[in-house]
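Q: Residues per chain, in single letters:
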Amino acid sequence: MTLVTGIGGVILAALVLYALTAGADFGGGVWDLLARGPRARQQTQAIEDAIAPIWEANHVWLILAIVLVFSAFPPAFAVMMTALHIPLTIVLIGIVLRAAAFVFRKYDERRDEVHRRWSLVFGVASLLTPFFLGISLGALGSGDIRAVDGHVVSGFVAGWTRPFAIACGLFAQGLFAFLAATYLTVDTRDRPALQEDFRVRALASGLSLAPAAILVFLLACDGAPLIHAGLTRWWAPLLLGATSACALAALFALWTRRFRLARGAAAGQVSLILLGWGLAQYPYLVVPDVTLESAATERATLRLIAIALGVGAVFLLPSFVYLYRVFKPPRRDAEHG
Amino acid sequence: VTDLFFARSLMAMSLGFHIVFAVVGMGLPVLMAVAEWRWLKSRDPVYLDLAKRWARGTAILFAVGAASGTVLSFELGLLWPNFMEWAGGIIGMPFSLEGFAFFTEAIFLGIYLYGWDRVAPRVHWAAGVIVALSGLFSGIFVVTANAWMNAPAGFDLVDGRPVNIDPIAAMLNPASGQQVLHMVLAAYVAIGFGVASVHAFFLLRNRASMFHRRALAIALGLAVVCTPLQILSGDALARLTARIQPAKFAAMEAHYHTRAEAPIVIGGIPDDDAMETRFGVEIPYGLSWLARRDASAVVTGLDAFPRDEWPNVRIVHWAFDLMLACGFTLLAIAAWSAVLWWRNGRSLPDRPALLRALVVAGPLGFIAIEAGWVVTEVGRQPWIIHGILRTADAVTPVPGLVVPFVTFTVLYIILAVLVIALMKRQFLETAPPAGRTMPAPAGASELFASSASEPLASGANVSPTSEDATSRESPDDAGGSRTLDG
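Taken in order, these protein sequences are the chains called A and B.
If you're matching positions, the first sequence starts at 1 in the numbering used here and goes up one per residue.
If you're matching positions, the second sequence starts at 1 in the numbering used here and goes up one per residue.
Heads up, some of the hints might be wrong.
[Claimed, not checked] Coverage of chain A stretches by chain B, computed from C-beta distances (three or more under 8 Å per stretch; other residues unrestricted):
1) 96 to 106
2) 200 to 206
3) 297 to 304
4) 311 to 323
[Unchecked claim] A few chain B residues facing chain A, derived, Cβ under 8 Å:
5) Leu4
6) Phe5
7) Ala66
8) Gly77
9) Leu78
10) Glu85
11) Gly92
12) Phe100
13) Ile111
14) Val119
15) Ala120
16) Pro121
17) Leu322
18) Ala325
19) Ile413
20) Ala416
[Claimed, not checked] Beta-carbon label-pair distances, calculated as ranges:
21) B:Pro399 <-> A:Ala242: 55 to 61 Å
22) B:Arg425 <-> A:Val311: 53 to 59 Å
23) A:Leu317 <-> B:Ser42: 35 to 41 Å
24) A:Ile214 <-> B:Val403: 35 to 41 Å
25) A:Gly6 <-> B:Ala304: 44 to 50 Å
26) B:Arg425 <-> A:Arg257: 41 to 47 Å
27) A:Arg257 <-> B:Ile168: 53 to 59 Å
Rather than coming from a laboratory, the hints here were simulated on the basis of the structure.
No residue lacks a Cβ here, since even glycine has one placed at the ideal position from N, Cα and C.
Just chain B, with the same shape it has in the complex (with noise of 0.2 Å):
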């Protein structure tokens, strides 16, 4: 085991832990906000409440996420030196623009978060809104950076140095439309899936809680509009990938051979020696009308590449079909919800089978997004610039990268240990308002309204003093078992 192995595996897991956080400091933020706009219009003081709680989850997971996100900006260069000596010049432009962006979002993330009684309502809700606007600008122009490397643009190629550097051009690579748009959309899918599972979760319990109906029609709309926009734009990014990056999509089909009226192969077991998938479903001429939009187009297979061109087919092309397998369910999942809310007079669909699927569904857009990073990067290999710096000559030359990988591997299993952990005890502890409410109509908004007020005397303090801590405590933790017996 080498230890390129170990900077591999190192940079894997830090993209891999940090993605999720990535994610949540993108999607949450757009939810708070809409919460919030939704106070503000309504008065209806269980938005507030609502804005207030998913700003806690926020508050927890931006942390976590802006520390993991420093040691990704770090291990560029601890674990790539070679990689940024060639490309920092190139490259460098999407990432100062995402550090600004990344600045923006933990100021106004600050003023969100403890400003509720210090600025005007308007500007907090305003605060907000800029967090969500940053968080979104940070994932699209560090996309873009990968995109590059996926497909490089911007500069010539002269004694294999890279000359004429022209960074927007490496910014709008042929990659990065593509890219961004499905890395965004994939954000918003597994937030909007994410929080509908949880509240999913507290609705079975009690179906006629307010405050829980009003996070899931928030987050559940979110999903419902952004899935079959995401399952399109797969669509896009698989033909663009076939046309730039053929052996990658080749790896991704576990397509061996160069033909015509190519199938799709869905699951299988990839066999690199005998070129050929065992046991897989075949769809006739499926490829070829996914790659060409023409049934009998001709599809370059993996033997059009030197074998050790080849990325890891087995890891490719299954991470692509779990990919797939979550996206699709995500998309039935959507469609049904979206003929339930039709159906029911377009109010929120609420009927126990739908509800115990989302709950159930919760983590497919998030493995979804582990899935399809694994896809796009380990897809790539053997190159860290496609065509251009194989990934063995930009590792760094210090030895026994074993250590940190450990080391982070063992810290980070611990940090999301905690952090489910600690999220849950946020939900728990507070004990949704409704929740304590008797079973009513769901119409009996009024009845809610004020039952809700009365946490938000006590326990809206975004910043308690220990003090108020510890005397809210015991009834709240009463509050929070009630709900989940009940």
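Okay, chain A solo, but in the shape it has when bound (with noise of 0.2 Å):
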């Protein structure tokens, strides 16, 4: 494996990490916003509960993910950003309402209308921005933004207005979802009735997610050809069996009431997606004029950009694990929740 395919490498698990912590607090967002029934409210309050302490961090995989595309692929992040500048400002807002709404929620009055004007915006936001980000990720594979010298030609809305991304941010929309009400059945072992709540709801987004999968599938055939041509390689059979047995045993888990298996067959399902996806556009960053070779720097800088990985991975890995076993303890025994 070459220094430029493990940078690439290293982004592809940083956003399979994104997707996992922070994509489900996304998730969470939704549930929120879609908090029905008597139990309306401790829905939300479990929702909270769940990512208060750990939502700063989640997010910063995104970051992470970023910075190595403009450090080691600065091309790359030219030609992304300009194409996509429209979609991913639409991102960056919903990043930032998400965020107010979810601290303003808590430490604002706890008035009724006040907390459902912010838990309103908490939620339209958690909808949109892994929307936007979804159809943005199915631009780069459409093939349809295209540049030339490092210059984008293909106008501002190439790629991100077709179906094929339409639908991936669809997808990513109900992949969070699924995730999201999954960990929560977790979450909320303490309470029966609420965690049946949840049962039922990642039932019901995990069924919704096989006819969606199918539809990016059909859609990649026409939307984004390289992808499907990736996606009929020798290895996609057994990528194909692998993520579906995932989603099978999630699904199955969550019908036979065991949440943890089930929180651990979900998060494998969206890692093997995310991975799939990767492996299919592959060598490609954006589909069909840059590649991580075309668009790597120097290596030096590679060189370094790999040390400052391996030590801060050191300090990093540890400190995350930590966090989430000071939250999320791993028997139900320890500690309070």
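With the hints in hand, could you dock these two chains into one complex?
A: What follows is the structure, encoded as structure tokens:
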């Protein structure tokens, strides 16, 4: 594995971790928006308690991915930020509104209408942000974004306005909602009624993922031919099989109330989907004009980035794991919630 | 009005907004960690309460700062793709390191804010120290990248492209050391005086409140130590700027004509066409001495540069003078505080005149930071990378940038208003415990300690459930208004 591919792999890994952690926080916002029934307020509270200590840290995986793209692959960053200026600007507005609404709700007046107002902003921002992130990722693989000598020549609406990209956006929303509901079944293990609410939501969103995935795959045939071709390479059936197995395991575990297993399987499913996307897109950063190699900066910089990543990981990963061990203890008897 | 104008305005507005929160993210955790350290040492619950109150402020401001910082990291590419394409490989290193520092800060802030009952006290305190340190390193790394734009280094220019990139040399560019020092001290001065202002306000109403006395002691202590250092650092940075960015330096000082025995011009109205500054106050020989430590030295004026390489002289000069005015006002207040502290038998100076000055001076550190960033950014124009890449050549081809500019401006104005209202609520709602006690001699700490522990029982929980908070609301509000009336 070359240095360039390695750093590309780290970026993909950061995106996977972003989806697994921050993605679930977005999904939590969606369920906050959709909180219904006699326990609506408890649902909201459970979501808030689950994400409050960790969402800031989760969010940084995206920053890490972005910073790595512009440090290691500056021309690719320039192309992405130009061609996807509009959806990414909307993502930023969503990120700002979501963060602000979340803390404002927590520290503002404890009146119902104030709470509802912030919940609405929080929920809508949580719904729209992953949609436009998904659209942007989908557009990278569409082949519609063209660059000559590092300059975008395909305008500012190419790729991301096509059905394939929009399907990717919807799929991302569904995936994050499923992930969040599945995680929340574990977080609410001491409150069976609430747990049941989230179990139903996880099953519903998990089942709806199957047709959404098929839609993305079919639209890719026309909307992202290179991705589609990638998904028919030799490793594709293996990956597809593993992903489907995870999806079925998650649904089965939810059905039979094995919530920890469901959480693991759902996380595996999301990871494999992103891994499949990464492999199908390899070696392109922006199909078809920007590859990892063509966009890579000088070796000296790449080597230093690799060293920084190694040293950083030694401090960062244990810290991140520690954060989760403090707030998501592995055993139910380990301290109160 | 061009798209370049809106791109610059959007970037300036985003930076100007974010810097306030970035500074809080650097400074407030220091105060928080000091307060908790005093709690661990003294077991005086006032300090624990203080650490928790400051942590609430940190939670709100850090969340907004993390989001507005994300906006900036994207905007580098959304607005200046050609700059990032050119420079990403050179200054990506400090941004990557900043990413790690920011990550560390977010992780341990989560543990700090929500882990009071979940980790051992020493571990909790250590988490606070790590937050303060990683905030410091975030600032250091980001300013390093900005310093490179002022003093590009670590590459060879061949056919207008950078080759032989050395990211370490780029980080250690000539401007890094001075600029980093100036920004770090600025953050501590601003947060020290900013926080001191709030507690001075409450002390004016009840000078016996141990809560506010201790808060003021910690915040003012930081400010008094850092302010004189900041003035020295500013002098060193000015001399460096005179050497490596003479056009920026000339604009800062509204110095049009290259000459020996140059005077300093304070204020006035710079006139580019007449090449003179009217109505300014002149200090003879001042500029030569400031720039070279030699009253007869020659100081390069704007006339040494083609007109299209001048920054906007009025903006840069006025912003520079505004920064100095704030800085020297704070220096005077710091000196006054130190004298009173000495005369007061080395205990907290609480003379009402000083407290009133502190209340008024609260925003000055932040104003100085905003003005200072205007000096460094507008003063670098027309370059985005000094002497190498023009800002106009770095801007995105995307049209209609007025739309994101207006959108983010409206968004940030609303957020600013809400954050101010929310911070005010935090101070009023969480009525300082000692505010309710009778006026008493400052030494009666036991009395205050016992009264302080009462709200700790009900209000110390950093993440109260909504039910708790609702039931708690009315007595707290009553306490808040009483503090204000009293």
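Q: Now tell me if each hint is right for this structure.
A: We went through each hint and held it up to the structure:
1. 96 to 106: That given contact holds, which follows from 9 residues of the stretch 96 to 106 of chain A lying within Cβ reach (below 8 Å) of chain B.
2. 200 to 206: violated (count 0)
3. 297 to 304: Holds, because 5 residues of the stretch 297 to 304 of chain A bring their Cβ atoms closer than 8 Å to Cβ atoms of chain B.
4. 311 to 323: With 7 residues closer than 8 Å to chain B, the stretch 311 to 323 of chain A meets the three-residue bar; holds.
5. Leu4: violated, 15 Å
6. Phe5: With Cβ-Cβ at 17 Å, over 8 Å, it is violated.
7. Ala66: holds, 6 Å
8. Gly77: For Gly77 of chain B, the interface hint holds, since the closest Cβ of chain A sits about 3 Å away, which is under 8 Å.
9. Leu78: holds, 5 Å
10. Glu85: This interface hint holds because 4 Å falls under the 8 Å limit.
11. Gly92: holds, 2 Å
12. Phe100: OK, holds: Phe100 of chain B within 8 Å of chain A, min 4 Å.
13. Ile111: Ile111 of chain B check passes; min Cβ-Cβ to chain A is 6 Å, inside 8 Å.
14. Val119: Holds - the Cβ of Val119 of chain B comes within 8 Å of chain A, reaching about 6 Å at its closest.
15. Ala120: violated, 11 Å
16. Pro121: At about 14 Å, which exceeds the 8 Å cut-off, the nearest Cβ of chain A leaves the hint on Pro121 of chain B violated.
17. Leu322: violated, 28 Å
18. Ala325: Constraint on Ala325 of chain B not satisfied, violated at 33 Å.
19. Ile413: For Ile413 of chain B, the interface hint is violated, since the closest Cβ of chain A sits about 13 Å away, which is over 8 Å.
20. Ala416: violated, 11 Å
21. B:Pro399 <-> A:Ala242: 55 to 61 Å: violated, 45 Å
22. B:Arg425 <-> A:Val311: 53 to 59 Å: Roughly 42 Å apart at Cβ, these two residues miss the hinted range, so it is violated.
23. A:Leu317 <-> B:Ser42: 35 to 41 Å: holds, 36 Å
24. A:Ile214 <-> B:Val403: 35 to 41 Å: holds, 37 Å
25. A:Gly6 <-> B:Ala304: 44 to 50 Å: holds, 49 Å
26. B:Arg425 <-> A:Arg257: 41 to 47 Å: The hint (41 to 47 Å, Cβ to Cβ) holds, given that Arg425 of chain B and Arg257 of chain A are roughly 42 Å apart.
27. A:Arg257 <-> B:Ile168: 53 to 59 Å: With a Cβ separation near 55 Å, Arg257 of chain A and Ile168 of chain B satisfy 53 to 59 Å, so the hint holds.
Going through the hint list in order, the structure does not satisfy hints 2, 5, 6, 15, 16, 17, 18, 19, 20, 21 and 22.
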